[in-house]
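Chains C and P supply the protein sequences, listed in that same order.
Residue numbers for the first sequence follow my numbering, so the first one is 1 and each next one is one higher.
Residue numbers for the second sequence follow my numbering, so the first one is 1 and each next one is one higher.
Keep in mind the hints are simulated off the structure, nothing from the lab.
Do not take every clue at face value.
[As the list claims (entries may be wrong)] Quick partial rundown of chain P residues pointing at chain C, CB under 7 Å, derived from the structure:
| # | residue |
| --- | --- |
| 1 | G278 |
| 2 | V281 |
| 3 | H284 |
[Stated by the list, open to error] Listed below are the simulated EDC-like cross-link pairs for lysine to aspartate or glutamate, each with C-alpha atoms no more than 16 Å apart in a straight line:
| # | chain 1 | residue 1 | chain 2 | residue 2 |
| --- | --- | --- | --- | --- |
| 4 | C | K136 | C | E36 |
| 5 | P | K269 | C | E36 |
| 6 | C | K154 | C | E36 |
| 7 | C | K164 | C | E79 |
| 8 | P | K269 | C | E161 |
| 9 | C | K165 | C | E103 |
Even glycine gets a Cβ: it sits at the ideal position worked out from N, Cα and C.
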Amino acid sequence: MLICRQGNGHYLEGINNQDFCYAEGNLKLITDGCSEAKYSEVGTRLFCQFFSALENRFDINKFEENVEITFSKIYKMLEFEKAEKLKEFIMNNMLFTVLACFELEDKFVVKFIGDGYIVTVNNQDMVSYIRLFYGKTPPYYAYNSVHTDTYDRKLEFKTFEFDKKHFKKVGIATDGIMPIVEKKIDENFDPFIQGINSQYSPEGVIKSNQSSFFDDITILI
Amino acid sequence: MGKKNFFSKFIKGENDSSERRQFEQYASYDLEAFDRIVKEKKGNIVDKSIPRTVESTPQKEEPLVGEAYSKKSGAETSIMDLEDILRKTDEIPKLTPVPETMKSIKTYNPFSYREKKNVIFFVIENSKEVCDNNGLVSGVMNKIISSNKDSFFRILTMYNEKKISDVLDFATLDSIAEINKKLNVAENDTDETYISDALRYIWDYLISIDTTSKTIEFKDKKYDFLKASIIFIGTGRGNIEDEAVGKYINLLKLNSKVSTIKYICLKDKQAINVSAMGFPVIGHINPNFYD
């Protein structure tokens with residue numbers, strides 16, 4: 001299932017969809033732009049597309065290195081002469097959550113910096129929603145380049161593993177799915193269950209309830 | 001009515017109900033339907049300069065979006081244009097309604113219990129820090145608590161000290177002492193054993209099941225045996241409670257034939273562990289705790 005839709009709030013404010021995603025082979029990748037940043041949709045799209053061009057993108061062991069290479073490529077491409085300009089570009093464009101899910105032979109591995117959701121379906125077909133929640137504004141990978149004084153060490157990806165002995169499916173989603181989890185819309189509506197059963201179109205249901213989704217919504221499962 | 005006046009009312013906070021309904025209605029939209037309409041009216045050329053149209057949706061009781069955006073300047077242009085489109089469009093597209101059969105799919109949702117009475121909640125907490133209300137940081141948790149006060153039962157288990165130090169909302173100090181005495185915790189008991197024992201005590205002594213009348217009695221209230229849902233909520237961060245609670249819940253399922261025992265977990269790796277045990281989870285992980 002792949003859904004990436006603009007939130008109603010962004011539509012009404014005239015802001016583009018700041019989410020972006022990429023799914024190929026064993027890899028699912030979501031970027032969710034910081035709503036406070038002016039043009040974070042630019043960064044989310046650049047990142048996913050540059051990342052998807054890397055040859056070893058499916059290699060989980062190279063993931064962190066590949067993210068670093070991708071950010072560097074984007075910065076170098078712009079060739080800013082002054083560090084201040086680069087910083088300004090980063091703050092306006094490059095603040096976004098990176099969520100990745102690799103499906104390996106025996107497990108699912110989720111790696112992330114920033115907020116969002118891990119959605120799991122266990123072997124009893126029970127769906128769980130696990131929010132990645134910092135209790136405050138989440139950190140973004142790009143802070144490694146601009147906020148070196150705030151963080152005493154490099155911000156690194158967190159990794160969680162889900163054994164296939166227990167989990168049938170593991171997906172990732174942006175925090176735009178919160179209305180689903182908190183059931184602010186039809187309480188019988190669960191796109192993940194419906195996605196599993198596949199005879200219904202979860203996207204159609206999201207569309208019908210579009211006004212309930214304030215933030216952009218992206219789901220890869 | 002002039003476009004500007006229409007929205008300025010909302011911006012000023014005036015709240016005419018008919019206009020408000022219109023405003024809310026405009027908060028729903030369908031981009032694809034818009035493109036389809038424009039195509040039909042203009043051939044295959046989609047004029048992107050024309051704003052997108054809206055669909056007609058039933059009125060909703062909670063117009064959060066409309067309220068949230070009524071003060072935003074960005075909303076003014078889009079919605080005014082939408083108003084024009086509505087006037088010009090003869091046929092307003094409607095989305096296919098959600099099939100009735102979809103509603104029959106069973107999903108697990110703790111909020112669906114909000115208005116129902118046949119639910120007993122247990123919160124298993126293992127430290128004083130998380131036991132007070134401030135410690136229960138999750139919005140999910142607070143919602144459950146606030147909407148189910150009558151059937152809420154919190155247990156504070158200081159398992160490191162091998163005793164139940166408090167049973168909030170329910171027990172007197174005497175009964176806490178009694179619980180600890182009955183538990184007869186041995187020094188060499190594992191934490192897992194201890195928590196399972198504590199839960200077993202609570203089940204055996206504080207809840208009575210009448211298999212004849214098919215009721216569960218708890219806190220002087222009777223619950224329908226077959227309809228009652230018993231929800232365990234763990235708020236700790238460790239693995240030990242998960243295993244203990246998980247095993248105990250499975251045991252209860254086997255022995256008591258109460259089929260609707262659930263376990264919601266709210267924090268960190270518990271969320272993954274409990275989900276792996278076969279329970280649905282609504283939880284959160286604070287990434288700061290994991291390096």
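Practice problem: Go through the numbered hints given earlier and state which of them the structure violates, listing their numbers in rising order. | Solution: Going through the list in order, the structure violates hints 5, 6 and 7 and respects the others.
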